[in-house]
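Now for the letters of each chain:
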Amino acid sequence: MRFRGVASWAISLFRRYLQVRAVFSTVVISGIALAIVGGFLSYSIGGGLFSTRQAQVLAESERAVVEVQNTFSASSVSNEVALQSLMNTIVPSIESTGTTNSRRVALLRSPGQATGQILQSPISADLDPTVIPTALRSKVRASAGNLIYQSIALRVAGAEHPGIVVGAPVQIPLAGSYELYLVFDLNSEQQTLDFVQRTLVFGGLILLLMIGAISFFVTDWLVRPVRLAAEVSEQLAEGALDRRLPERGEDIIAILARSFNKMAQSLQSQITQLASLSKMQQRFVSDVSHELRTPLTTIKLAGDMIFAGRETLSPPVKRSAELMHDQIERFEALLNDLLEISRYDAGAVIADLEMQDLNGVVGMAIAGIEPLAMSKGSEILIEIPQGPVDAEMDSRRIERLLRNLLANAIEHGEGKPIRVAVGVSESAVAVTVTDEGVGMTRAEVDRVFDRFWRADPARKRTTGGTGLGLAISLEDTHLHDGWLQVWAKPNEGASFRLTLPRRKGMVFTQSPLPLPPKKAKKKGDA
Amino acid sequence: MSHKILVVDDDNALREMVGIVLESEGFSVAFHDAGAGALERFNAESPDLVLLDVMLPGKTGIEVCREIRAVSGTPIIMLTAKTESDDVVLGLEAGADDYVVKPFDPGVLTARIRARLRPLAGASAEGTVKIGPLTLDIEGHEVRRGAEKISLTPLEFSLLLALAQKPNLVFSRAMLLEKVWGYRHNDDTRLVNVHVQRLRSKIEDDPDNPKIVTTVRGVGYKAGQG
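So the protein sequences, as listed, match chains A and B. FYI, the numbering used here numbers position 324 of the first sequence as 324, with every residue one higher than the one before it. In the numbering used here, each number is its position in the second sequence, counted from 1, plus 1000.
It is worth saying that the hints were derived from the structure and are not from the lab. What you are looking at is a predicted structure, and each value in this text was computed from that prediction instead of being measured. Quick reminder that beta carbons are idealized off the backbone N, C-alpha and C, glycines included. Mixed in with the good hints there might be a few duds.
To be verified - Incomplete in silico selection of chain A near chain B, CB under 10 Å: (1) L292; (2) P295; (3) L296; (4) T297; (5) T298; (6) I299; (7) A302; (8) D304; (9) M324; (10) R330; (11) E332; (12) L353; (13) E354; (14) D357.
As the list claims (entries may be wrong) - Distance windows between CB atoms, simulated: (15) A:S12 <-> B:N1209: 55 to 61 Å; (16) A:G467 <-> B:P1133: 57 to 63 Å; (17) A:L353 <-> B:E1148: 41 to 47 Å.
Said to hold, decoys possible - Only part of the chain B face toward chain A is listed, based on derived beta-carbon distances under 10 Å: (18) L1014; (19) I1020; (20) V1021; (21) F1031; (22) D1053; (23) M1055; (24) G1058; (25) G1073; (26) I1077; (27) L1079; (28) V1101; (29) K1102; (30) D1105; (31) L1109.
So that you can see chain B by itself, here it is in the shape it has in the complex:
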């Protein structure tokens, strides 16, 4: 079964070209050309992954990202023309899982897409993992605090699981990038930082004073205190 990818971009040539690249890699592709109506399109197509341009007419990609995230945990990869502006951070904070910077290689694009569509890291294990007050059901992709179910995106679940499976082991940002995002040779720590923040806002009682995912200054993150 081929994965379906929704490409939201207002540039006709780029949209078609990305479609050609993805189809040649065996994906099935759906298109949308504006920010307005992107959510309806998403709901109608229910794709496995969304490629979302940041600069869109009508509604920015960041708003679209927030709308999709409100209803679904489907992986979203932003396409951005800027690397140092706030676009990247804004997109990630709005819930995007990853981003690629224009102009990108077809190889890079498909590698990122595959990394997001891959079965979760460590998800081959069975049973449950406990971390603090949380219980992770690996097969069901569920996190519970007691009886209360916490809704995480697959990426957030994957990040929490990676940390929780080796409690008290300190993960550097580069390690997490490789394990969760499938990156090598990428030192963009913003990706990790923003997602840890998002994760904390969902699982911690007090996100400013985290107890489950803690920061080890100058090194990285780990699950648990102490």
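This is chain A alone, in the form it adopts within the complex:
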């Protein structure tokens, strides 16, 4: 559909370019104005030409009619032969031949007279008497010697010419009532009019073309700075913060350029300031995490020494040693998570991608979390497809992520079974971790990946998570160009679904596993 293509191209051009629209509108409006002016000119010139010619025609006719009537009245023919020959001289005397400005003559006998027609009606050789309308003839007969005329179409040499028929009654002695008709060809006037119209159309088109060209150049001149501004703001938006508009002159465009540049300048300085602030902050978090490590090492070593020798201590001191030991571990986990998230914030994380069997990674994560699950009485039910589920991943991060999801499920699962499912499709692999515990409200689900956010601050924390686990998990997922999604309902449980592309850069639109997951199978079904 070539035409449709061209049309849609034109429409898109029209939509996209202000200039195309401006030129198009100018040309259309000018075209309409020119058509009105041209039409009026053509009409009045035509009218003028016609009325001049008509006056001339009527004057000529008047003269001719008077002349003919006088000729007959003054004649003294006594027989029909002489009359006939006299009549025959009438036509050549007043007709004028030729293809332009011709005047044809017909002397016709009025019908309906008592005496029969004996004489031949003389008619110009190339005149077809049927062009004389019968209505005109009856009007001529009814007239009291006045000239009657009507516009008609003449066929001359295959072409249609405008014409006028003028008629008047003539009394011929011996022969009775006759009608004299003069048929004028107005072709030369028509040709003049045609020429004028052609000139008008041609001139109009040239004018239109020039208007189009002028409006193109004028709008181009006006639009160019605007287009440049649009281009530059696009580049600014894409991050090229040092782009500016050229500032020339004192006109409105220069004012636009100056204020645009001022805006870009303040935007740039604010963004750079923010970026350096955020970089400083990331650097600070990273430095703090590092600096804390050396004293923490000493504390940890000391704590472990005390913990190892706790049996020799008095009960309160022994308990203190145990608490300290646990809290040092928690502190260390927190520090590690802080450092990890600061690495992500600094954009310093690079995935170490390798082909891995997701089933194996899931197995490792479950093995790592098994002691915790046992202590909470949560059974972990696994549903994995047959055969290896290969995907490119950073297995250390994915295992950590899954361990984290499992730890969350155990913490909020209230000792009920936790189901882990693995799914695979052409382009993606997925894992869901589902518990049947306390679940979450809609508002809680929205915040679940926020840093240090806790579902219920009043809830007793038992597993000692750092509050950064899911935030890091989400970053790990983004590192793989994957999805980490959550479904939850209060008192029904929660389900986290991780979907990863099988190869880096693979595009997937659907996860191989549903979320929320299929209803739990009854025990023993599997």
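For this one, chain A is given, so just place chain B on it according to the hints.
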């Protein structure tokens, strides 16, 4: 006879605490608190193992490591605060045998130290092992190419011996970590990669095109070609 360990760290509390932990495990300990003078201290003490902090005033731990390695094959374990930066790789390339990340467990620290002080893996066997143009004298801890003696650290010798004793068997990095470093559950392949590179630079004619220790893509390493 207790092994002597030189602890080089600028943090007084940590240095003393590490000393307490090591002494309680039966090691004798010497200390040094800066990068400058660490080599002199090493020469004066001639320890069996060096614990070396990466961040030291005066001279970085990496430079100290390179200096010690230039004169001795004594095991060096780096103490580092970063795991993902270049510190680890730089330290290993400078000749460190192993590293521990702060904050570490006393158990982990002593396990690593013991692994490095243990008699070499497979060294109970006697006689010699031949691999390519090289001859390994197991008892003498010596490697010769013809009459020329090649100087390897105990760890490099242990790595080469592990590979050479089972020629054409492909060792995964995890297997080598367990056999040579005494690790379980550690997947830090950098340790293996860097040491294989160092080993190759000493024994291969063209380290970029190795003939003695070859890489089996996606699996690991083996001794010999084919």
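Hints, verified against the model:
1. L292: 9 Å, holds
2. P295: The hint holds - P295 (chain A) has a Cβ within 10 Å of chain B, the shortest such distance being about 7 Å.
3. L296: 4 Å, holds
4. T297: Nearest chain B Cβ about 4 Å off; hint holds.
5. T298: 5 Å, holds
6. I299: 8 Å, holds
7. A302: 6 Å, holds
8. D304: OK, holds: D304 (chain A) within 10 Å of chain B, min 5 Å.
9. M324: Result: violated, 14 Å to nearest chain B Cβ.
10. R330: 12 Å, violated
11. E332: 6 Å, holds
12. L353: Status violated, d = 13 Å.
13. E354: 9 Å, holds
14. D357: 14 Å, violated
15. A:S12 <-> B:N1209: 55 to 61 Å: 58 Å, holds
16. A:G467 <-> B:P1133: 57 to 63 Å: 59 Å, holds
17. A:L353 <-> B:E1148: 41 to 47 Å: 43 Å, holds
18. L1014: Holds. Min distance 5 Å.
19. I1020: At 7 Å from the nearest chain A Cβ, I1020 (chain B) passes the 10 Å test, so the hint holds.
20. V1021: 5 Å, holds
21. F1031: Check failed: Cβ of F1031 (chain B) comes no nearer than 14 Å to chain A, outside 10 Å.
22. D1053: Holds: closest Cβ of chain A sits about 8 Å from D1053 (chain B), inside 10 Å.
23. M1055: 9 Å, holds
24. G1058: 17 Å, violated
25. G1073: 27 Å, violated
26. I1077: Constraint on I1077 (chain B) not satisfied, violated at 14 Å.
27. L1079: Holds - the Cβ of L1079 (chain B) comes within 10 Å of chain A, reaching about 8 Å at its closest.
28. V1101: Hint holds; V1101 (chain B) Cβ to chain A Cβ min 8 Å, cut 10 Å.
29. K1102: 4 Å, holds
30. D1105: 7 Å, holds
31. L1109: 8 Å, holds
Of the numbered hints stated above, those contradicted by the structure are hints 9, 10, 12, 14, 21, 24, 25 and 26, listed in ascending order.
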